[in-house]
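**Student:** With chain A fixed as given, assemble chain B onto it according to the hints.
So the sequences go chain by chain: A and B.
Here the first sequence is numbered in the UniProt record's numbering, starting from 1 and rising by one per residue.
Here the second sequence is numbered in the UniProt record's numbering, starting from 1 and rising by one per residue.
Rather than coming from a laboratory, the hints here were simulated on the basis of the structure.
Treat the numbers as computed from the prediction; the structure is a model and nothing was measured.
Think of the CB as a built atom: it goes at the ideal place given N, C-alpha and C, for glycine as much as any other residue.
Take these hints with a grain of salt, some might be off.
Cross-link-like lysine-lysine pairs, in silico, DSSO-like; alpha carbons within 30 Å at most [stated by the list, open to error]:
#1 A:K160 - A:K277
#2 A:K15 - A:K362
#3 A:K362 - B:K175
#4 A:K15 - A:K506
#5 A:K432 - B:K172
#6 B:K131 - A:K432
Computed beta-carbon distance windows for the label pairs [unchecked claim]:
#7 B:V153 - A:I513: 51 to 57 Å
#8 B:V159 - A:G393: 30 to 36 Å
#9 A:D330 - B:A119: 54 to 60 Å
#10 A:A357 - B:V153: 55 to 61 Å
#11 A:P392 - B:V159: 34 to 40 Å
So the derived list for chain A, only partly shown, Cβ under 8 Å to chain B, looks like this [stated by the list, open to error]:
#12 G48
#13 T184
#14 A187
#15 Y190
#16 L191
#17 N321
#18 E334
#19 P431
Spelled out, the chains give:
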Amino acid sequence: LSATAEIPKEDGRPKWDNKFQYILSCIGFAVGLGNVWRFPYLCQIHGGGAFLIPYFIALLFEGIPLLHLELALGQCLRKGSIGAWNTISPYLGGIGVGSWVVSVLVSLYYNTVLTWVMWYFINSFQQPLPWSVCPLNENRTGFNEECYESTAVSYFWYRKTLNVTPDITESGTLQWWLILCLATCWAIVYLCTIRGIETTGKAIYVTAIFPYLVLTIFLIQGLTLPGATEGLIYLFTPNLNTLKNPRVWLDAATQIFFSLSLAFGGLIAFASYNPTKNDCEKDAVTVAIVNSMTSLYASIPVFSVLGFKATTAYRDCLDRNIISIINEFDLPEESIMRQNYTSWISFLNSSYPEKIAGLKLKSCNLQEFLDQSVSGTGLAFIVFTQAIILMPGSQAWAILFFIMLFSLGLSSMFGNIEGVFTPLLELRIIPKSAPKELLSGIICLISFLIALCFTLGSGSYWIDIFDRYAASVPLLVVGFFEVIGVAYIYKIKRFSKDVEWMTGRKLNLYWHITWRFISPLLLLIVFMAFVTLQMQKPPSYTAWNPKYEGFPMKEEKVYPPWVQAICVLLAALPCVCVPLAALFHLIKQKRTSKDPSFVPPEVFSCQGANS
Amino acid sequence: MLRALLLTLSVVAIAHAELCKPDAQNAFKVRISIKTALGDNAYAWDANEEYLFKAMVAFAMRRYSSKSTTQISNVLLCNVTDRVSFWFVVTDSSKNVTTVPRTEVEAAIRMNRNRINSAFLLSDKTLQFLKITSTLSPPVEPSTPVWLIVFGVVLCLIVAGIVFLVVSGIQKHKKKNKESTERENLEEKVEVTLENGIPCEALDLKTGHINGVFAADDERFTSL
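Here chain A stands alone, though its shape is the one from the complex (with noise of 0.2 Å):
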């Protein structure tokens, strides 16, 4: 972290120091948390190795020209995204600012995923670790009921981390330690985003690398598991009947869409600090390549520990129908071993079927144990960690598997920050004399206390409703737009020949296909899928409350109409900026011409503006 002098161009803007560092930003952007845990996820429900067909079909036509298609967009016009669809058309200007707003509220929410990582991180040098035990009731009697109904893990993630409240109306307190923990991720942001891209590009060389040097070690450490091999076989074993599901391609077409983490404006910003003359086209496939592999590569160590714990959860079943046969018919120990267990089972029932009855026996099923499916936060901080406990050294695990989730997110946090900063910093908010400091300091003073909400009883709730409304629908709209935009609006034709012009060679027929065609109608195809889905059903949550009959099942509740307005409000708020700016500028221009005919955009081509 040495203060390099910044060598500007002559534009005075910064650049990266070499092309590694701008590829290792931009992969280290797109692989994030998602990778681990929602791809891995997606292909167990459906399907196994059958999922990666419409994964792959649906990174060849919409993933990589639209990752293309940004990349040269913020290499061309070197600017943000807001300046960037400003200068493409004013009347585009929407499309900035709403990427710029989605950006915005994901940052605020992003964080705190990484504040649970980092309290999980410094709660892993303990021993024994805090989430193995349950802790002690009042009297010493006998364990805390809470964490004796459901089990330790839970415990520790539902009520020593969120301590969270059972319904999303009530709000509970601060949490202390989160603030603390939330204050801490901040200032890391802060420490690596401080001045731009000469701070994220020395540390994205760890956050982006590290964490390949961990998913290696636990794909290792997971092979030799006993259990591993179940449960490979079972993630990649294909189902190709589940293709006939419509659900399966529109997740495959949002998971690649949301994991290459288009439209957020970063990608822009990132290629906007880029030499003209970069060979955009190789950057796109080569990330969106990368992301994928990565994905595939991070799917193999999380099935080899999930298809450990599911064994041991089958080990321990039957270990514990074993004992209670033994004491009830006072049998000799170590006379029923799982081997010969059917057998004895079935001999026992014929002979004493009342006793049998009576002991009330679990049915364990080792199928049954490979098919509880998790993704998102309870596969990290429930599934995941209760097979850490189960493995030998179990601190180390604990805390290279939290690292290696913080560095995840923080590589993504830094394009979420540069994409809210960058645009910051060219529409002038602060005076040019302020240090860039200044600025990124406001970003993140503002971001913290804003997202101390989060922090409270039900804020792991709120986070829910961020993730699924403020992250999913406007991005499919500002895609969608961003796609039209430049096809038919800006014109594909100007358009490559910029892009001729910057990577040196003639477009291919397969870039004007989808770019003109493929791309708008897929994505729209898609935006239309996924908002019905939505619509199908009363948006609803699942609450964390002791006092349910079905505990330890999570509630399933009903969002009351205040918190379905807020969610459309978060949806809506991005979109609307498009058609908003478009009637801003149609009435700035009525006003100082009289003229109110659509002004054809400036003649600007890459080529004009940096010759």
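**Tutor:** Coordinates of chain B only, in the frame set by chain A:
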């Protein structure tokens, strides 16, 4: 004489059988899992182990009530299975053919549970007295929670990094300002036009030198 002796013995045996049987009043079931606890080092449960058990229970009763009246013969074992599990009662020698109330026995066992466990190299889980709950030991908690220490370390490192970067940024800014003011001063001097190395301002006409060769000597030129 012999008949009387036989009669007393049989009465005692029947009385014992009456006192110690499964679910008898004041009787406890014990379940032992030696193989689970010791694995390969497991010993076999035989009459000697039973004798030790009786001795430990008698020891516990003695320590609890601090009267040395309980004998090993007062502890009766019955229904030993292969599991290994059995029932036991503690008889009261002062009162005829009665057993010590279960609360007393329970309290005595609880008080000396550790000693009993260690005698057999077992633990609370592998030497189970059914219906006697064990007090769970509280987890060891250090005075300062460990996570606070780690958190403090992490926070200090980050704050140090931020301070370093901000200070170096301010220094760079000051240096750039100083450099730019120096360059401005230099430029002011440079703005002065030079003519053969002599600033034009110095060429004050009043103090100039008149070159005699070019002095207007009108006679040299022919007049028109």
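**Student:** Taking the hints in turn, state whether each one holds.
**Tutor:** Evaluation of the provided hints:
1. For the suggested pair K160 of chain A and K277 of chain A, the alpha carbons sit about 53 Å apart, so the restraint of at most 30 Å is broken.
2. For the suggested pair K15 of chain A and K362 of chain A, the alpha carbons sit about 63 Å apart, so the restraint of at most 30 Å is broken.
3. For the hint pairing K362 of chain A with K175 of chain B, the CA-to-CA distance comes to about 75 Å; that exceeds 30 Å, so the pair is violated.
4. Between K15 of chain A and K506 of chain A the CA atoms are separated by roughly 26 Å; this keeps the pair inside 30 Å, and the hint holds.
5. With a CA separation close to 16 Å, the supplied pair K432 of chain A and K172 of chain B stays within the 30 Å bound.
6. Under the criterion of a C-alpha separation no larger than 30 Å, the hint pairing K131 of chain B with K432 of chain A is inconsistent with the structure, at around 78 Å.
7. At roughly 55 Å, the beta carbons of V153 of chain B and I513 of chain A sit within the given window of 51 to 57 Å.
8. Take V159 of chain B and G393 of chain A: their Cβ atoms lie about 32 Å apart, and the range 30 to 36 Å holds.
9. At about 23 Å, the CB distance of D330 of chain A to A119 of chain B disagrees with the hint of 54 to 60 Å.
10. At about 57 Å, the CB distance of A357 of chain A to V153 of chain B agrees with the hint of 55 to 61 Å.
11. Range check, P392 of chain A to V159 of chain B: Cβ separation about 36 Å, and the 34 to 40 Å hint holds.
12. The closest approach between the C-beta of G48 of chain A and any C-beta of chain B is roughly 39 Å, which is over the 8 Å cut-off, so the hint fails.
13. With 8 Å as the threshold, the beta carbon of T184 of chain A comes within range of chain B, its nearest partner Cβ sitting at about 6 Å, so the hint holds.
14. Interface restraint check: A187 of chain A against chain B, minimum CB-CB distance 5 Å, threshold 8 Å, status holds.
15. Because the smallest distance between the Cβ of Y190 of chain A and any Cβ of chain B comes to about 6 Å, under 8 Å, the interface hint for this residue holds.
16. Taken as an interface hint, L191 of chain A checks out: its beta carbon lies about 5 Å from the nearest beta carbon of chain B, inside 8 Å.
17. Using the Cβ-Cβ criterion of 8 Å, the hint placing N321 of chain A at the interface with chain B is not satisfied: the shortest such distance is roughly 15 Å.
18. A hinted interface residue such as E334 of chain A counts as satisfied when its beta carbon comes closer than 8 Å to some beta carbon of chain B; here the least separation is about 6 Å, so the hint holds.
19. Look at P431 of chain A: its Cβ only gets to about 14 Å from chain B, farther than 8 Å, so that hint breaks.
Going through the hint list in order, the structure does not satisfy hints 1, 2, 3, 6, 9, 12, 17, 19.
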